[in-house]
Every structure is written in structure tokens, then in C-alpha cells.
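J.: Sequences listed follow chains G and F, in order. First residue of the first sequence? That's 40 in our numbering, and the numbers climb one at a time after it. First residue of the second sequence? That's 40 in our numbering, and the numbers climb one at a time after it.
By construction, these hints were calculated from the structure, which means they are not laboratory data. The model shown is predicted, which means the values in this text are computed figures rather than measured ones. Honestly, I wouldn't trust all of these hints.
[Said to hold, decoys possible] With a cut-off of at most 25 Å between alpha-carbon atoms, the simulated SDA-like pairs for lysine to any residue come out as follows:
(1) F/K352 with G/T360
(2) F/K387 with G/N72
(3) G/K387 with F/K387
(4) G/K219 with G/L384
(5) G/K326 with G/N72
(6) F/K387 with G/G330
[Claimed, not checked] Derived Cβ-Cβ restraints for the label pairs, each shown as a range:
(7) G/A224 with F/G344: 49 to 59 Å
(8) G/T279 with F/S65: 37 to 47 Å
(9) F/G330 with G/E396: 39 to 49 Å
All residues carry an ideal CB built from backbone N, CA and C; glycine is no exception.
There are 2 protein chains.
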Amino acid sequence: MAKKNRYGLILAGGRGTRFWPLSRRSRAKQVLNFLGDRSLIQQTVDRLGPAIPPERIWIVTNSHLRAEIIRQLPEVPPAQILAEPAQRNTAPCIGLAAHILQSLDPDAVMGVFPADHFISRPAEYRRLLKPAFETAERGHIAVIGIQPRWPETGYGYIEFPPGTRPGTLEAVKVKRFREKPALPAAKRFVKAGNFYWNAGMFFWKAGVLLDALRRFEPDTAAILDSLPPFAGRGFHAAVTKSFPRCANISVDYAVLERAQNVMGVAAGDIGWNDVGSWHAVYELMPKDAAGNVFRGGALVEASAGNYVDAGGKLVALLGVTNLVVVDTPDALLIADRDRAQDVGLLVKELERRKKEELL
Amino acid sequence: MAKKNRYGLILAGGRGTRFWPLSRRSRAKQVLNFLGDRSLIQQTVDRLGPAIPPERIWIVTNSHLRAEIIRQLPEVPPAQILAEPAQRNTAPCIGLAAHILQSLDPDAVMGVFPADHFISRPAEYRRLLKPAFETAERGHIAVIGIQPRWPETGYGYIEFPPGTRPGTLEAVKVKRFREKPALPAAKRFVKAGNFYWNAGMFFWKAGVLLDALRRFEPDTAAILDSLPPFAGRGFHAAVTKSFPRCANISVDYAVLERAQNVMGVAAGDIGWNDVGSWHAVYELMPKDAAGNVFRGGALVEASAGNYVDAGGKLVALLGVTNLVVVDTPDALLIADRDRAQDVGLLVKELERRKKEELL
């Protein structure tokens with residue numbers, strides 16, 4: 040039974056440039072549906088549904104994406120889908136949402152969720168929400184840790200007490216947060232067994248988060264505190280005017296690494312994947328006997344290990360291996376699959392060339 | 040000064056499946072313009088122009104291509120652009136053209152030219168036409184030999200007398216024709232120095248060719264002889280009815296290998312290329328510093344030796360080498376450049392799947 044003061048905040052402001060040319064400013068990764076029929080943000084709302092119904096889902100995105108997200112999520116009230124007036128990091132935008140929720144419901148407890156991750160076992164995942172929310176309701180900050188499957192250097196880690204076992208559905212006091220490690224440290228973390236990936240899922244009372252910001256980021260907190268109530272006149276104008284003056288800082292740096300009352304829930308196997316590149320999508324998709332993934336028609340001769348997404352177009356492969364091929368009406372990407380994480384470099388080059396129509 | 044009884048016959052019935060997906064039944068290789076602004080058949084007519092003006096050019100093609108060729112060559116009278124009623128090899132279709140020319144001009148001398156080859160030095164090439172036509176006017180059969188640049192096993196060879204030097208503009212008696220050789224023989228041919236590639240360029244009086252057919256292929260000759268004159272009533276109906284009964288044989292087998300009066304002109308460097316695959320197009324095109332060829336916009340990161348033709352679409356390459364990428368609105372080819380000659384296999388598979396819209 041969903042508790043009425045539990046809210047979901049979905050952070051959907053990312054650009055997902057690594058999924059260019061499918062992702063563009065107005066069609067970022069979270070609104071794409073390369074994994075299943077529903078986009079990643081739709082899957083996020085679906086997955087939370089039994090625990091947090093859509094009428095208590097709030098979304099912070101940007102002005103390029105808001106219209107598409109409203110279109111994709113008719114079950115979420117459009118007034119709860121906010122566009123940040125300027126791109127800031129997660130601390131100001133979570134703070135803004137906390138300010139709004141607090142003004143609407145002084146008992147509000149928030150779960151913060153990325154819009155663009157994939158979770159293959161949603162029922163297992165939802166079981167984690169109960170201890171996380173209950174911990175938050177007792178006034179703590181709660182986080183979910185994902186058991187590492189390899190020594191990833193692209194994620195932050197959460198150090199749990201030694202001996203913490205995954206899947207026990209208990210919140211334990213977190214020892215500390217570790218920033219993205221170099222490879223030797225990442226290997227040590229994985230070997231030690233009590234280090235978990237920080238997947239950006241946080242739980243707190245709105246008031247607890249605002250208090251933490253007042254303590255650790257007083258300037259940003261003062262800006263938020265000066266805003267009129269959400270329902271009142273002039274709210275949006277005040278946000279547009281003052282939000283850009285907030286500090287450009289992540290909630291991890293601003294709050295989590297500094298707070299003393301952080302509790303963690305160590306997840307068991309929930310099939311979490313942050314879908315970081317075309318390579319990750321390739322890994323998640325069913326493959327033919329030669330390890331090819333095709334979205335759409337294909338003609339294959341002596342080719343293996345390729346990921347091909349060309350809409351409805353027929354793609355013929357002849358003697359090629361380990362490629363990522365993504366075709367759209369105005370741009371075609373062909374990349375070595377091992378270089379998929381560098382697709383963002385191409386987007387930076389397009390920005391340099393001011394190719395606005397392709398961004 | 041162009042002699043008035045010299046005619047050009049351009050054979051334009053090929054499909055060019057190795058250039059799929061750009062080439063289709065109604066847009067075969069000879070009507071594509073991947074080498075310059077003019078299509079290969081336009082370049083062929085342009086190249087002959089000073090020696091054989093368009094009003095004395097005749098073209099045999101098929102029903103899929105005739106309309107496009109008429110559109111591309113407004114300077115050639117449409118009545119001289121014929122569609123063979125059935126796909127036969129070169130002997131019947133050259134015989135048919137000889138029959139027509141003979142009926143219009145009893146002194147007609149014909150040069151036969153493929154529609155889909157590229158020649159980078161057309162002025163040098165045209166110098167060969169004079170000795171070739173003069174030899175034909177003396178009642179011989181004349182051929183042009185291309186000095187081999189590598190031991191190609193995909194072409195036939197013409198054996199000239201030992202010591203024949205290229206570029207002397209003299210016709211000499213050909214010793215014999217050699218079919219496509221295996222590699223050891225091809226290497227011997229290149230080393231010997233008096234073997235030249237047979238590029239399918241032949242010269243004869245229309246009457247000499249018809250006499251040769253009467254001798255070597257009497258059934259086919261009888262069919263041609265039974266046709267009414269070109270200008271007369273019922274010609275096209277008679278062709279449609281009887282042409283399919285002609286032997287399916289090349290003029291090389293039917294006439295050249297059997298005739299005793301074949302003279303050859305050994306070409307110097309005329310920059311001949313039969314443009315046999317995307318790899319050949321790649322070789323002919325200017326390249327960037329990393330050896331990439333792009334038709335259209337490109338974004339390149341750590342990629343080399345690629346051929347990319349995607350119309351106006353931007354193509355981004357990331358960490359890929361030696362690919363052929365050809366994009367069209369309904370089909371996309373990505374091939375290893377070393378496998379470019381096998382593109383025809385993909386077309387065969389499309390035929391097997393009855394994908395008529397892509398053929």
C-alpha cells in the first residue's frame with residue numbers, strides 16, 4: 040500500500056549525447072525506447088507505479104525535453120513536470136523540488152530517481168523502496184547501493200560496513216562515499232565486497248534535504264528559501280530569475296559526502312544497468328547466432344557482433360564485425376563498438392561546428 | 040573530322056549489382072554518377088563525341104533503364120536507344136544493331152563500347168579510335184587492348200605478337216584471345232608483356248560482323264536476317280517475337296575467338312578502369328589524409344581508408360577502418376572494402392527473398 044506522503048522525483052535533465060544520432064536535445068536518452076516498447080523514463084514511472092503512483096511523481100527536466108515528456112507521460116500531471124530555467128547540477132534541482140514538495144506537504148518524503156537507467160527485475164527493485172523510505176521517514180538520508188559486477192571507474196562507490204550482504208533489505212550506516220576511482224582502487228573495492236555502486240537513488244524528507252542544504256550550501260539554500268510557495272503567484276518568474284544563481288554542484292558533493300546520517304540499502308540482483316553507451320544497449324539486447332543485434336530488417340554475410348538500429352530501413356552487412364550502426368534521417372553513425380563511449384566526442388565536434396540542426 | 044559512316048554502339052544492358060544499394064534495376068551502374076558530375080554512360084557519349092557525334096550513337100539497353108537513359112542523353116535520338124526484348128548476351132544484341140545499321144547505311148562501320156567504364160584520359164583514348172576504325176574499314180575486325188596493371192583474373196586477355204608496344208597507334212594481327220585466366224596464368228601474361236586486357240571495345244563493318252555471325256552462329260544470324268528493315272512496319276514486333284530465340288552467347292565466344300582476321304591496337308596509358316566494385320570507385324576518388332573518401336558531410340574520429348556515400352546525410356565514423364558505407368533512403372550497405380566484389384551476393388539474397396522494391 041503506497042503511503043500518501045511518499046513522492047518520487049525523477050531527474051530527467053540529461054542529454055545522453057553518447058546515444059547520438061538517435062539522441063538529440065529534444066529526444067534525449069531518457070525519452071528513447073531502444074530497450075523495449077516504452078522509453079526509459081516511461082519504464083521508470085511504470086516501475087515506481089505500485090509504490091509511488093503517477094500523481095505523486097515529479098519530474099525535473101529541461102526546456103528542450105519537457106513537451107516530449109508530457110506527451111509520453113499523460114498519467115503524470117503536467118504541472119509536476121518542471122523545466123529548470125538553467126542547467127545546474129543535481130543539488131539545486133533537487134533542492135527546488137524539495138522546496139515545492141515541502142510547501143505542498145510538510146510531511147513529504149522524497150525518493151530521487153534517475154530517468155535513464157534500466158532495471159530488468161522491477162519487482163525485486165521495488166522491495167528496496169520500503170526500507171529506504173522508512174529510513175528517510177525516521178529523519179535519515181537513505182541511499183541504494185548496487186553490487187558491483189566489474190571494477191567500473193565511471194561510477195562513484197558507497198562504502199558499506201564490512202560484511203554487508205546484498206539483498207537483506209536492511210538499511211545500515213554508510214561509512215563513506217568514494218568518488219569515481221582509478222582502476223586499482225576500483226579493483227580493490229570490488230574485491231573487498233562492501234563497496235557498492237552509487238546509482239543516484241536517494242531518499243529523504245524534503246525538510247531534511249533543505250536543512251542539509253542550509254548547512255552545507257547556504258547560498259543556494261537562501262535562494263530556495265526566498266522563493267514564494269509553488270501554488271502562489273510569481274513562483275515561476277521567481278525561479279526563472281533566481282535559479283541560475285544557485286551553485287552548480289551535485290547533491291553527492293553538496294550533501295551526501297558531508298552528511299553524517301546516511302544509511303544505505305545494499306541491493307541484491309535487480310538487473311540494474313545505467314545504459315551508458317550503445318555498447319551497453321548491445322549487451323542488453325537479444326542477439327542472433329553470430330552475436331548481431333538488429334532493430335529492423337537485415338541482410339548479413341560474414342558479419343558478427345554488430346549492433347544495428349536503422350529504423351525501418353534494410354541494413355546489409357558484408358564482412359564487418361563489432362560495429363555500432365545507428366541510422367537516422369539526417370545522420371548516420373558507424374562506430375567501433377569498443378569506442379561507443381566516445382560518441383560524445385562527435386557531439387562536441389558538432390557543437391564546435393555549430394551544427395544546431397544535428398544536436 | 041568525324042567520318043559520316045562511323046557509328047558508335049554503346050552496350051548498356053548491365054545491372055551492376057555490385058553497386059547495390061545505389062544501383063537498382065532502374066538505376067544501374069551506367070546511369071550513376073559516382074565518378075564526377077556525369078553518369079558513366081554520359082561520360083561515354085561525351086568521350087566519343089569528337090569522333091562519333093551523338094546523332095550516330097546507338098544504345099542497346101533493357102526496358103528498366105531505357106527511360107532513364109533517354110532522360111540523361113537528350114542529344115541522342117530516342118529511336119536509337121533500344122531496349123532488348125529479352126536479356127541475351129552481347130552477340131545477339133550487337134548483331135541486332137549491325138542489322139539495323141546495315142539497313143540504314145550499307146557502308147556502316149561500328150565501334151562497340153561498354154557504357155559503364157571510366158577513362159581518365161579521354162583525348163589519349165580517342166587517338167586509338169582512328170587506327171581501330173581504319174582497320175575495320177579495311178574489312179578486318181579490330182579490338183583495343185589495355186596494358187595490364189596487375190594479374191587480374193576477372194578479365195579476358197588478348198595475346199598480341201611478342202614485342203608489341205603500347206601506344207604506337209598501329210593495328211597488329213592478334214595471336215589469340217584468352218579467357219579469364221587462373222592467377223598463375225595471369226601472372227605469366229603480365230610478365231610476358233604482350234598480353235593485354237580485353238576491355239570489350241570492338242570495331243567492324245556492320246556487314247563483316249553479320250557475315251561472321253552467319254558463319255559461326257547461323258541460327259542467330261538467320262533470325263536477324265529474317266527481320267524487316269528498321270524503318271519499316273513491323274520491325275519492333277518482329278524483334279520482340281524472335282529476339283528471345285537468339286543464342287545466349289557473348290560476341291567474344293561467338294566471333295572474336297573464332298575469327299582469323301582480328302587486328303589489335305595496344306593502348307598506352309588512357310586511364311582505363313572498368314569500375315568493377317565500390318573498391319574501384321574508392322581507388323579512383325580523391326582521399327583525405329587518412330585515406331577516407333566522402334561524398335557528403337562527414338565527422339571523422341580515428342577512422343581510415345573508408346569509402347562513404349550517403350547522399351546529403353552527415354556520416355560520423357568513430358574508430359572504423361576500410362569500410363564501404365553506402366546509404367540510400369531504403370537500404371544501407373556496410374561492407375569491408377576487401378569484400379566489395381561480393382556485394383552481388385547480397386543482391387542475390389534479396390532476389391531469393393523476393394524483395395522486389397529493393398532490387
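J.: For every hint, state whether the structure bears it out.
T.: Hint check:
| no. | hint | in the structure |
| --- | --- | --- |
| 1 | F/K352 with G/T360 | 23 Å, holds |
| 2 | F/K387 with G/N72 | 34 Å, violated |
| 3 | G/K387 with F/K387 | 41 Å, violated |
| 4 | G/K219 with G/L384 | 20 Å, holds |
| 5 | G/K326 with G/N72 | 18 Å, holds |
| 6 | F/K387 with G/G330 | 24 Å, holds |
| 7 | G/A224 with F/G344: 49 to 59 Å | 39 Å, violated |
| 8 | G/T279 with F/S65: 37 to 47 Å | 57 Å, violated |
| 9 | F/G330 with G/E396: 39 to 49 Å | 29 Å, violated |
The structure fails to meet hints 2, 3, 7, 8, 9 from the earlier list, while all remaining hints are met.
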